[in-house]
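Asks: Given the coordinates of chain A, assemble chain B onto it according to the supplied hints.
Line by line, the protein sequences give chains A and B. Each residue of the first sequence is one higher than the last, beginning at 1 in this note's numbering. Each residue of the second sequence is one higher than the last, beginning at 1 in this note's numbering.
In case anyone wonders, no lab produced these hints; they're calculated from the structure. Note that the Cβ used here is the ideal one computed from N, Cα and C, for glycine as well. One or more of the hints may lead you astray.
Restraint-style ranges between C-beta atoms, simulated for each label pair [claimed, not checked]: (1) B:N111 with A:L234: 26 to 32 Å; (2) B:V145 with A:V108: 28 to 34 Å; (3) B:Y238 with A:A166: 36 to 42 Å; (4) B:G51 with A:A153: 27 to 33 Å; (5) A:N185 with B:I332: 18 to 24 Å; (6) B:E115 with A:N185: 55 to 61 Å; (7) A:L234 with B:Y238: 37 to 43 Å; (8) A:A18 with B:D151: 28 to 34 Å; (9) B:G101 with A:I25: 52 to 58 Å; (10) B:L125 with A:V42: 51 to 57 Å; (11) B:I187 with A:L132: 51 to 57 Å.
Partial chain A-side listing against chain B, Cβ under 8 Å, derived [unchecked claim]: (12) A240; (13) L241; (14) A248; (15) A251.
Far from chain B, by Cβ distances over 12 Å, these chain A residues were calculated [as the list claims (entries may be wrong)]: (16) I6; (17) F26; (18) G27; (19) G34; (20) V42; (21) A44; (22) A85; (23) V96; (24) V123; (25) A166; (26) P184.
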Amino acid sequence: MNFRAIPLSAWIGIIGVAIAFFCAIFGPWIAPFGETDVVGDVWAPPGGEFLFGTDNLGRDLLSRLIFGARTTILVALAATVLSFALGMLLSFAAAVTGGIVDQVLSRVNDLMMSIPMLIFALVVLAVLPQSLLVLVLVMAVLDSTRVYRLGRAVALDVAVMEFVEAARLRGEGTGWIIFREILPNTLAPLLAEFGLRFAFSILFLSTLSFLGLGIQPPAADWGGMVKDNKDGILFGVSAALIPGAAIAFLAICVNLIVDWLLKRASSLRGGRGDG
Amino acid sequence: MSASTETTKAPAQPLSTPASKPDGNPLLRLILKRLGLSAVLLFAVSLMISGGIEALPGDFATTYLGQSATPEAVENIRKDLGLDRPWAERYLSWLGGIAHGDFGTSWASRNSVGEQIANRLGNSLFLAFFAALISVPLSITLGMVAVQFRDRWPDKIVSLASLAAISLPEFFIGYLLILFFAVKLGIATFPATVYDGMGVMDRLSAIALPVATLVLVVLAHMMRMTRAAILNVMSSPYIETAELKGLGAWRIIAHHAAPNAVSPVVNVVALNLAYLVVGVVVVEVVFVYPGIGQYMVDAVKVRDMPVVQACGLIFAAFYILLNMAADMIAIIANPRLRHPR
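Isolated chain A (complex conformation):
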């Protein structure tokens, strides 16, 4: 791994993600005010005591942004990790076993993917009780359908290679074939996909929170903060745009890293690096 070989765009992405994670981890120590403390006037302008101004209830926007980083990143990350674990396990199992297992899993996956993700989430969240765990699970299960599709395609590519057949003829079990033969050879595209899904999870969570169906107040999260402050737009108060910009910033940074990973993966395979 050569640090010089990392392009500038990827460095911007890495630094941006590092800042966001730093805020998420050390939030309570670096935030100037508490998460739910009312400290000033409603929609105080940026500058002075409050760097970004205050929100619709007079809470410090910067502090809520920092606390929001924790909630947003934690939930999005948890959902992505879970969806990856689920999607990978099922897709590799389907690709390795084949036959009826593959057929059933793939058809169920097709069915779930035939409903747009947001619509599916809306229907499901209309029924389920509102809680953080439910939110993470719903996001993870819906997201895992996309992971499954990629994972199956990638694993099928690798599963027909000679070394997999050799392992099978050696008498290795399905578990060994999945974790020791296929997984190491599919790591690069999967890592890029992980980043892509993480960026998507951030956007998806923010959208749900913005619609009032994600993380519930008074906990700070970026999408919810946009919703809280949206009425200010009419008076020219830009408080709603700051958390929106934070979401965009984090998503762009993650995507920059993904782009670099994808390019690297395709150049390792000898591709021409086309989009």
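Replies: For chain B alone, kept in the frame of chain A given last:
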């Protein structure tokens, strides 16, 4: 469900049927198969929505009345809403009702869901139609420009813009446009209110900002995918051959690349129109636009299940239909299937 799985299955079929069989039109057969698949899918989706709602934990009656509701009151409201009947019976009557346009009654407002949807669906389609009208030609042109100037500055700008647009949440773009054009400059209207009997010009000016938002959201995806699709064709060996033969750039594009690029590009367009269907939900909420997306989100918040079910089914139906259209166009445009061997 993708075009690729369908088309890869295709060549195997003529081989499996005896050569003497006369109905050897693989094109027609594939299209009929795809139609049937969509119908099955739609039915399965209706079953899944209804069954899923039934199977998931959570009781509307208790949510509706609050935690302290007496069991009798809960029982009454369940009977009132018809929830005491078995699920299969309710599902069948729901499906039967949809067959003649009856989507049931809203629990919250006691209005007919079908009537509400009929009004609002028109509004949503109006919005989506204009967004598509602008974004489709624009993105195809920009995608071609990006390919033509590959790795030079127009291409770099296109990829940078699409990266930004993919990362920006819809509501952020929407509020940015509102703050800039409606509040600061005052040249656009917010909220985007439309009502019956509104003049066409008024209506168009009301939806200018939501359409702009949708265009920006879809444009990037469509541009990126168009670029990839055209690039894929342009980097194939027979284009290289044409170049080496000394053919002119336009002849290569018109005679060699275009016939093979049409189907992936149209596929891209249909897929992105399907994406537009979903984008409408958030944009409608941002602009307080009286469409079906707003209706659904409001219903989800109060757990008004008949409305949620109906809207969910309609969104899914549009999505499935557009995906089907994408696949069918890919099948029809595939010259290998038009000339069965």
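Asks: Does each hint fit the structure? Answer for all of them.
Replies: Right, here's what the structure says about each hint:
For B:N111 and A:L234, the Cβ-Cβ distance of about 29 Å falls inside the hinted range of 26 to 32 Å, so the restraint holds. With their beta carbons about 41 Å apart, B:V145 and A:V108 fall outside the hinted range of 28 to 34 Å. B:Y238 and A:A166 have their C-beta atoms about 37 Å apart, which keeps the hinted 36 to 42 Å range intact. Between B:G51 and A:A153 the C-beta distance comes to about 29 Å, which sits within the given range of 27 to 33 Å.
The given range of 18 to 24 Å is broken by A:N185 and B:I332, whose C-beta atoms sit roughly 38 Å from each other. Between B:E115 and A:N185 the Cβ separation comes to about 57 Å, which falls inside the hinted range of 55 to 61 Å. Taking the beta carbon of each, A:L234 and B:Y238 are about 57 Å apart, not inside 37 to 43 Å as hinted. For A:A18 and B:D151, the hinted distance range of 28 to 34 Å is satisfied, since their beta carbons lie about 30 Å from each other.
A hinted range of 52 to 58 Å holds for the C-beta pair B:G101 and A:I25, which are about 55 Å apart. Judged by the Cβ atoms, the range 51 to 57 Å given for B:L125 and A:V42 is violated: they are separated by roughly 39 Å. Between B:I187 and A:L132 the CB atoms are about 42 Å apart, so this pair departs from the stated range of 51 to 57 Å. Hint status for A:A240: holds, given a least beta-carbon distance of 6 Å to chain B, under 8 Å.
At a threshold of 8 Å, the smallest CB-CB gap from A:L241 to chain B is about 6 Å, leaving the interface hint in force. A least Cβ separation of about 5 Å between A:A248 and chain B falls short of the 8 Å threshold, and the interface hint therefore holds. A cut of 8 Å between beta carbons decides the hint on A:A251: the least distance to chain B is about 4 Å, and the hint holds. At roughly 17 Å, the least C-beta separation between A:I6 and chain B is larger than 12 Å, which holds for a residue marked as non-interface.
Every CB of chain B lies more than 12 Å from the CB of A:F26, the least distance being 25 Å, so the non-interface label holds. Interface exclusion of A:G27 from chain B stands, the closest Cβ pair being 22 Å apart, more than 12 Å. For A:G34, the requirement that its beta carbon stay farther than 12 Å from each beta carbon of chain B is met, with the minimum near 26 Å. Against chain B, the non-interface label of A:V42 holds: every CB pair exceeds 12 Å, the least being about 18 Å.
With a least CB separation of 18 Å from chain B, A:A44 remains clear of the 12 Å interface cut-off, as annotated. Taking the minimum C-beta to C-beta distance to chain B, about 22 Å, the non-interface status of A:A85 holds against the 12 Å cut. At roughly 19 Å, the least C-beta separation between A:V96 and chain B is larger than 12 Å, which holds for a residue marked as non-interface. Interface exclusion of A:V123 from chain B breaks down, the closest Cβ pair being 4 Å apart, not more than 12 Å.
Against the 12 Å criterion, A:A166 stays outside the reach of chain B, whose nearest CB is about 27 Å from its own CB. Non-interface status of A:P184 relative to chain B is upheld: no Cβ of that chain comes within 12 Å, the nearest being about 27 Å off.
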